[in-house]
Structures are given as C-alpha cells and as structure tokens.
Amino acid sequence: MINWFKFASPASFYPLAGKLWPWFAALATAFCAAGLWISFFVAPTDFQQGEGYRIIFIHVPASWMSMFIYCVMAFWAAIGITFNTRLSGMMSAALAPTGALFAFLSLWTGALWGKPMWGAWWVWDARLTSELILFFLYLGYIALTSAIDDPRRADKAGAIVALVGVVNVPIIYFSVKWWNTLHQGASVSLTKAPSMATTMLWGMLLMALAFWMYSIAMSLYRVRAIILEREHHAGWVAELPEMQR
Amino acid sequence: MLQAHGLACDRGDRRLFSGVDFAVPAGEWLQVEGPNGAGKTSLLRIVAGLAAAAEGHLEWEGQAVAEARDAFNARLLYLGHAPAIKDDLSALENLQIAAAVAGRPLDESTALAALRRIGLGGREDLPSRVLSQGQKRRVALARLLCSQARLWILDEPFVALDVAAVDQLCTILDEHLARGGLLLFTSHQAVHLAGSGGSLRLGR
Amino acid sequence: MNAFVAIVRRDLLLAARRKSEVLTALFFFMIVVSLFPLGIGPETAMLRRIAPGVLWVAALLAAMLSLNRLFATDHQDGTLEQMALSPTPLAVLVSGKVLAHWLTSGLPLVLLAPVLGLQFDLSARALGVLMISLLLGTPILSLIGAIGAALTLGVRGGGVLLSLLVLPLYIPALIFGAGAVEADVAGLGAGGHLSLLGALLALGVFFAPWAATAALRIALD
Amino acid sequence: MNWGSASEFFAMGGYGLYVWGSFGVTFAALLVEALLTRKRLADTRRLLRRELAADREALTEHASRRP
Numbered sequence: 001m002i003n004w005f006k007f008a009s010p011a012s013f014y015p016l017a018g019k020l021w022p023w024f025a026a027l028a029t030a031f032c033a034a035g036l037w038i039s040f041f042v043a044p045t046d047f048q049q050g051e052g053y054r055i056i057f058i059h060v061p062a063s064w065m066s067m068f069i070y071c072v073m074a075f076w077a078a079i080g081i082t083f084n085t086r087l088s089g090m091m092s093a094a095l096a097p098t099g100a101l102f103a104f105l106s107l108w109t110g111a112l113w114g115k116p117m118w119g120a121w122w123v124w125d126a127r128l129t130s131e132l133i134l135f136f137l138y139l140g141y142i143a144l145t146s147a148i149d150d151p152r153r154a155d156k157a158g159a160i161v162a163l164v165g166v167v168n169v170p171i172i173y174f175s176v177k178w179w180n181t182l183h184q185g186a187s188v189s190l191t192k193a194p195s196m197a198t199t200m201l202w203g204m205l206l207m208a209l210a211f212w213m214y215s216i217a218m219s220l221y222r223v224r225a226i227i228l229e230r231e232h233h234a235g236w237v238a239e240l241p242e243m244q245r
Numbered sequence: 246m247l248q249a250h251g252l253a254c255d256r257g258d259r260r261l262f263s264g265v266d267f268a269v270p271a272g273e274w275l276q277v278e279g280p281n282g283a284g285k286t287s288l289l290r291i292v293a294g295l296a297a298a299a300e301g302h303l304e305w306e307g308q309a310v311a312e313a314r315d316a317f318n319a320r321l322l323y324l325g326h327a328p329a330i331k332d333d334l335s336a337l338e339n340l341q342i343a344a345a346v347a348g349r350p351l352d353e354s355t356a357l358a359a360l361r362r363i364g365l366g367g368r369e370d371l372p373s374r375v376l377s378q379g380q381k382r383r384v385a386l387a388r389l390l391c392s393q394a395r396l397w398i399l400d401e402p403f404v405a406l407d408v409a410a411v412d413q414l415c416t417i418l419d420e421h422l423a424r425g426g427l428l429l430f431t432s433h434q435a436v437h438l439a440g441s442g443g444s445l446r447l448g449r
Numbered sequence: 450m451n452a453f454v455a456i457v458r459r460d461l462l463l464a465a466r467r468k469s470e471v472l473t474a475l476f477f478f479m480i481v482v483s484l485f486p487l488g489i490g491p492e493t494a495m496l497r498r499i500a501p502g503v504l505w506v507a508a509l510l511a512a513m514l515s516l517n518r519l520f521a522t523d524h525q526d527g528t529l530e531q532m533a534l535s536p537t538p539l540a541v542l543v544s545g546k547v548l549a550h551w552l553t554s555g556l557p558l559v560l561l562a563p564v565l566g567l568q569f570d571l572s573a574r575a576l577g578v579l580m581i582s583l584l585l586g587t588p589i590l591s592l593i594g595a596i597g598a599a600l601t602l603g604v605r606g607g608g609v610l611l612s613l614l615v616l617p618l619y620i621p622a623l624i625f626g627a628g629a630v631e632a633d634v635a636g637l638g639a640g641g642h643l644s645l646l647g648a649l650l651a652l653g654v655f656f657a658p659w660a661a662t663a664a665l666r667i668a669l670d
Numbered sequence: 671m672n673w674g675s676a677s678e679f680f681a682m683g684g685y686g687l688y689v690w691g692s693f694g695v696t697f698a699a700l701l702v703e704a705l706l707t708r709k710r711l712a713d714t715r716r717l718l719r720r721e722l723a724a725d726r727e728a729l730t731e732h733a734s735r736r737p
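Residue numbers (the numbering used here), protein chains in the order written: chain A, 1 to 245; chain B, 246 to 449; chain C, 450 to 670; chain D, 671 to 737.
Here chain A stands alone, though its shape is the one from the complex (with noise of 0.2 Å):
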C-alpha cells in the first residue's frame, strides 16, 4: 500500500506540489484552447438566442465549479476533523478563493446572459439565487478563517463551516427551487435552454475540463505558499534550494 500520509505532511507535500502544479496548468492551457475553439468556431449560431448564447461555454462551467470546489473543500474539512492532519486544513483554505472567484464569475456571466435574453440584469431565477447563496457561503468561510489568528484554529473553525454549509447547500437550492415555482419566477433556465447540441455540450465539458485543471494548479500552487507562511520556522524551509542565496 503507498503510504498516503507521507504526503500529507506539510514539509513532503510542498516539493510535490511544486512539480505538480505546472502540468496542471499546461492542462487547462491545452483544454481551454480546445474549448473556445469549439466555443466560437465549431458550435452553431443558435437560432432563438443568436450568438449571446455563447456565455453559457464559461457560464454554466464556472457554476459547476465553484460547486464541485466548495464540495472539495467539505471533502478535506472532514478528513482534517476525522485525521486531524495539518495538510487539509491549508487545502481548503487554498480552495477557497479560487471557488470564491468561480462562484463570481458565474454570476457575473448570468447577469451578462440575462440582460439580452431576460431584458434585466438580475433575475430570481433559481439557479442565480442559489449560486448568490453559494457566494455568501464562500464569503462566510473567507471572513471566518481570516479573522482567527491561530492557524489551526482557523482550520478546524473553517472545517466546520465548510461541514455545515455542504450539508446545507442542497437544502437551500431545493427551498429556493420551490420558492421559485411557488412565485411563478423566470421559467427559462440557462442550461435547458436550447436544446443542448453535443457540439455545445462537448465546448462546455472542455471549458469545465479547463477550469477542474485550472482549480487544481492554482491551489496547489497557493498551497504551496500557505505552507511556506506557517511553516516558516520549520527546519526543512531553511535547507529549501530557493533558500539559499
């Protein structure tokens, strides 16, 4: 068996990120070129929504991503509280802005896509509040975790937060579902707008693929300096090449 935990040690994981990192980003490189090629050259005008409805190639990835982050981040919440490793703690803590960003950009995107399709800026379309709560969500964790000084105690009070808030997350889509149908909203979904071509659905899985990529190099990378902060007394940071000058 490979001894996972000898990764997980803070002083082993830094190198390993570091090499890391950069096939991750040349990843997202290649499968962002390959995306908005399809995206703009390949995908067919649609013909309800002419070509504003491209938005949806970064749209509707940039949704699923700052979803399936905050979920990772869940995810290495609760093998922290359960191993109580130090690494987990800094993975989500890394996560979190990029998710943040993500959970931005989505809302950025739809406000762009409704404006022409909606006629408004901001509608209490289900999906759009949802990801409006996510948003406050990340915020919430963001605040929490920066406001505590102790390192460790931010983790494990991040960890907790992240817990609470992934339990949450389908409660609150689902209620904002209901309450949607009960006031009679915007019945036009993004997603299920035009009937989705493979072309369309293959540009949108290749944006995802560029964003997973992206997500991964950028919080390995982040991670990296996160390690370096609160391990700065540590004896193995001294003995580090970039060190010696």
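Mixed in with the good hints there might be a few duds.
[Claimed, not checked] Facing chain A, a subset of chain D residues (Cβ under 10 Å, in silico): (1) Gly686; (2) Tyr688; (3) Val689; (4) Arg708.
[To be verified] Listed below are the simulated EDC-like cross-link pairs for lysine to aspartate or glutamate, each with C-alpha atoms no more than 16 Å apart in a straight line: (5) Lys468/C to Asp332/B; (6) Lys709/D to Glu229/A; (7) Lys19/A to Glu242/A; (8) Lys468/C to Asp333/B.
Note that these hints are calculated values from the structure, not bench results.
Nothing here was measured: the structure is a model prediction, and the numbers come from that model.
Glycine is no exception: its CB is placed at the ideal position from the N, C-alpha and C atoms.
Chains B, C and D: place on chain A using the hints.
Relative to chain A, chains B, C and D alone:
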C-alpha cells in the same frame, strides 16, 4: 494514580514545553512551577482535557484518559483563572448550579453549610456582582467542599485570598489529600501542605 | 439530564434577572415590522401580500440580536470550561442553552407576531399559520445560530461575522416559513411548507448541537 | 466556420458587449488571481530568505566572537 507521558504543547508555532512526564499517586500533590509563559496553565488545561496535547498521553488508574473521557470528567474538579461565577446569580445559586453541571446536585442545606464554612455566611443570597474579588474566589472554592472528585486541578487557587482564607484553603486541601485524593496545582507562592508531594518545573 | 435541566434553569434565571435584553429584542421586532408600512404605504392589499415576508425577516433579525451573547458570557467567566468538563456530554448542555435561548428570544416573537400581523390586516387563519410557522421556524434559527455563535466565539469582529455566517443558512427556514403563510393566503394550503419546516427542525435538532459543540471545543483549545 | 470576417466575429451578432464582457472578465479574473498568488508566494519567499539570512549572520557573528 495519574500519569503523564511525554506531554508537549504548542502555542501558535512555538513549542511551549515537551517531554513532560509525571506521576501523582493517590493522596499526593504536585505543584507545577515556572516563570510566566512557561505553560503552567496550558499543562493544567491539557490534563483536564480542555486543550489537546501536541504529543504524549495521560493515564488515569492505568487506563488512557482519551478512551474514557466522561468517566474521567466525573472524577475531576477543575478550577481555572476565571472563577465560573455568574454575576447575576447569588452565591447559593452559583454553587448549586455548578454542582448540578458537574453531575452531583446539592441540596440547599449542604450548599449553605459549605458557604458558611468558607466564610460567606449571611451573603449566600446576595447577587455575586456585589461580592469582592476574594469573595468570588471563595464561592468557587466552596465547590471544593462539596466535591466528591478524586482529582483536583487548581490553577492559582491562592490568588486574591487573604491570609485567613489561604490557611483555610490549605486545610481543605489537606483533608482532600488525607481522603486519598490527588491534587495538581500551580502557585507562585510557597505552599505548605501536609502529606507528600513534589514539584514540576516548566521552562528552562 | 440533571445537568441539562440545571443549564436551562440557569439561563432562564439569568434572562429573568436581565429582562432588558429580552425586551430590547422584542421592541426591535415591533419597530422593524412597523417601519415597513411607513416605507411602503398603507394599501391593505399590498400590506397583506408583504406581511409574511416582513414578519419573518424581522423575526430572523430579532433572533440574531441575542446570538452574540449566547456563549460569550459563559466563555468569559469560565462557565463554559466547567460545562466542557461535565460528565454530561457537552452537546447535551449546548442543547440546553439553545432551548433556553429559544424560550427567551424565539417564543416571545411567536407570541407577539399575531398582534403585529393585525397591523397588516392578515386574516385570523393566516395569523394562525404564521404562528405555527414561527413556532416551527424560530427553533431552527436558535439551532443554526448556536453554530455561528460558537464559531465566532472570541473572534475579532465577531458580531458582523456571525450574521455573515448565519444569515445565508437561515434562507430555507425563511422561505418555508414565509411561504407557508403566503400559500395559505393564496388558498394553496400550508401543509407542505409546514412539514418541510418540521423536517428542517428535526435535522437541526439532530445536527446543530453536535456542530456547535465541535466549534466550542475549538474556541476552548 | 461561423464568421465571415474579424469584425463579424467581434460583433457577435449584436451580442458583442455581453459575450466579450463575460469571456474577457472571466479570463482577466483568472489571470489576476494567478498573478496575485504568484506575488504572494514570492513575497513569502523573500520574507523568509531575509529572516534566514539574518539568522545566519547572527550565528556566524556569534561563532566569530568566540576565541
């Protein structure tokens, strides 16, 4: 018998102490000494189970404490820096509620007797807000009189007490030790207790 | 069980000695609710439409007011340490505190709400549904609020942070609670909403004390 | 191929502002995030290097003062 094996404590990214071993047999005391910031309070909180040790473990009667936390808590009395006194409640109410939370409800006459013995006779029903700092400490100390716990962990119990109260506390502690109780405490002053005991020095 | 009762009794006793805190939250609730007609206008049809939402949002904010102090005073005076060291599991004692918090901050809102509902010209039936929805919903606010209060214990800027953490989590309770009254007014029947609210409450009773306890242990460490 | 000319491509059938606003902001935001994180890591490293250099200096000074 309380035993500690290789306890270590971190505060932030600084190690306060490490490799702390001690054993307190029944009927004996251990005084934790050291300069300010050496980690005396942290050590007591670790033993009480309020804080987690970075390394090491504790045994109570030969059994790991971590495996039987509730049973250990039932035998433990801890008095920290803060006296755990509610200003809006009277001394009597404070004492009775503290005892109920500790799992041993007190009837009123026992509680009153304890308060009288600790020198708060006639002040039992005043709101604790009007009591002096030393009197509030005495309300907390009255819990010792009513306690059936085997292990007492006291953080600076002599602070803010006058001479008479210090003598009285020493008597209470002696009685506890004579019953076969264990005592772990910190104090800046030299304390004369009957029975045998030792001291543990933290910090270099 | 003794310890649980002792904690509930103690917190009720403390609230009785500090009546002003309970009353302040109630006044806040009344004032906020009364401000809406002044801001929107006195049309009864409009007021009847917004009443459930206004009453619920005001109840939610009023219940938040006292959350700050839920664990803070216990933390300061050392009582929280004694609770953590009790042979009774801390989660049970935390449940006791949440129950006391609901009795002092949630229940008065439930009792006051129908009176304020009259200002909005709600029918007797709708007032009944409003009371039931608040009766089921305000304990959820106390339960979720306890998690937030425990997490922000001793944290810089705890008060604002607490609302940032807790308010998004209140949304389902708000939707189902206000929705129940609206559905009833619209003649759709409030049963579905109320049973969902009940399900949320059951989930909260099971889950929240555990999460709040975990957060308190972090604050104590 | 969907586009006859570059200007047609940029106009996006009249939706240019919305489409480019979405794609532009998204990629700009990702780029800014990457740059900020790079700066964060670089800043941390510089800080640590300075700290370590100061430590080493203090150590060598200490050693040289000994006979």
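For each hint, the structure was consulted:
no., hint, result
1, Gly686, "holds, 8 Å"
2, Tyr688, "holds, 5 Å"
3, Val689, "holds, 5 Å"
4, Arg708, "holds, 7 Å"
5, Lys468/C to Asp332/B, "holds, 15 Å"
6, Lys709/D to Glu229/A, "holds, 13 Å"
7, Lys19/A to Glu242/A, "holds, 14 Å"
8, Lys468/C to Asp333/B, "holds, 12 Å"
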